[in-house]
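S.K.: Sequence:
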Amino acid sequence: MPCLGAPWLVREKGHVYVEILFTYLRPQQRAVLRTVIALLCIAVCLVLAWYGADVTLRDYAGNEKDVRSLDMPRWMVVGFVPLSFAMMAIEFLRFLVRRENFLGSLAGQAEE
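The numbering of the sequence shown is numbering that gives the first Met the number 0, which starts it at 0 and goes up by one.
What the hints contain is simulated information worked out from the structure, not anything from laboratory work. Beta carbons are placed, not taken as given, at the ideal position from N, Cα and C, and that holds for glycine. It is possible that some hints are incorrect.
As the list claims (entries may be wrong) - Simulated restraints, written as ranges between beta carbons of each label pair:
#1 K12 x G61: 21 to 27 Å
#2 Y59 x R93: 16 to 22 Å
#3 E18 x E63: 19 to 25 Å
#4 Y23 x M71: 23 to 29 Å
#5 M71 x P26: 49 to 55 Å
#6 E99 x K64: 19 to 25 Å
#7 P26 x R57: 43 to 49 Å
#8 A60 x L3: 32 to 38 Å
#9 A60 x I19: 17 to 23 Å
#10 V96 x A60: 16 to 22 Å
#11 W49 x L3: 14 to 20 Å
#12 L82 x L20: 40 to 46 Å
#13 G61 x V17: 25 to 31 Å
#14 T22 x L92: 50 to 56 Å
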């Protein structure tokens, strides 16, 4: 369930990043690096969404159970993972298509 908050964090630019490399780059290089980072984020999110969907479908097909505090089908527990990673990929793609900055202060300085 906590995974469902991650797409909202991406949309609100609440994720963590390190901006030290951006201090040494020119504005045009920063824009290229932001694009590369966005593409990597999309790729990673899609791979994790695909893998999560595979696990969810196998758990559903195998009628796996998660027995912790209450007995419930395991696919209901892990089903939020592919959903949230797919939504994160969409959010990063949205930033990329709109050419919006999804990083913070220095990394997001306007291109000159």
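S.K.: It remains to establish, for every hint, whether it holds in the given structure.
M.R.: Hints and how they fare:
1. Between K12 and G61 the CB atoms are about 39 Å apart, so this pair departs from the stated range of 21 to 27 Å.
2. For Y59 and R93, the hinted distance range of 16 to 22 Å is not satisfied, since their beta carbons lie about 30 Å from each other.
3. About 42 Å separates the C-beta atoms of E18 and E63, a value inconsistent with the hinted range of 19 to 25 Å.
4. Roughly 51 Å separates the CB atoms of Y23 and M71, a value that falls outside the hinted 23 to 29 Å.
5. Taken as a hint, the range 49 to 55 Å holds for the pair M71 and P26, whose Cβ atoms sit roughly 51 Å apart.
6. Our hint of 19 to 25 Å for E99 and K64 is violated, since their Cβ atoms are close to 43 Å apart.
7. A hinted range of 43 to 49 Å holds for the C-beta pair P26 and R57, which are about 47 Å apart.
8. Take A60 and L3: their Cβ atoms lie about 24 Å apart, and the range 32 to 38 Å is violated.
9. In this structure the supplied range 17 to 23 Å is violated for A60 paired with I19, their Cβ-Cβ distance being about 46 Å.
10. Checking the proposed 16 to 22 Å range against V96 and A60 shows it is violated: the Cβ atoms sit about 35 Å from each other.
11. Distance hint check for W49 and L3: the Cβ-Cβ separation is about 18 Å, which falls inside the suggested range of 14 to 20 Å.
12. In this structure the supplied range 40 to 46 Å is violated for L82 paired with L20, their Cβ-Cβ distance being about 32 Å.
13. The hinted range of 25 to 31 Å is not satisfied by G61 and V17, whose Cβ atoms lie roughly 41 Å apart.
14. Restraint check, T22 to L92: a C-beta distance of roughly 27 Å breaks the suggested window 50 to 56 Å.
Comparing the model with each numbered hint stated earlier shows that hints 1, 2, 3, 4, 6, 8, 9, 10, 12, 13, 14 do not hold.
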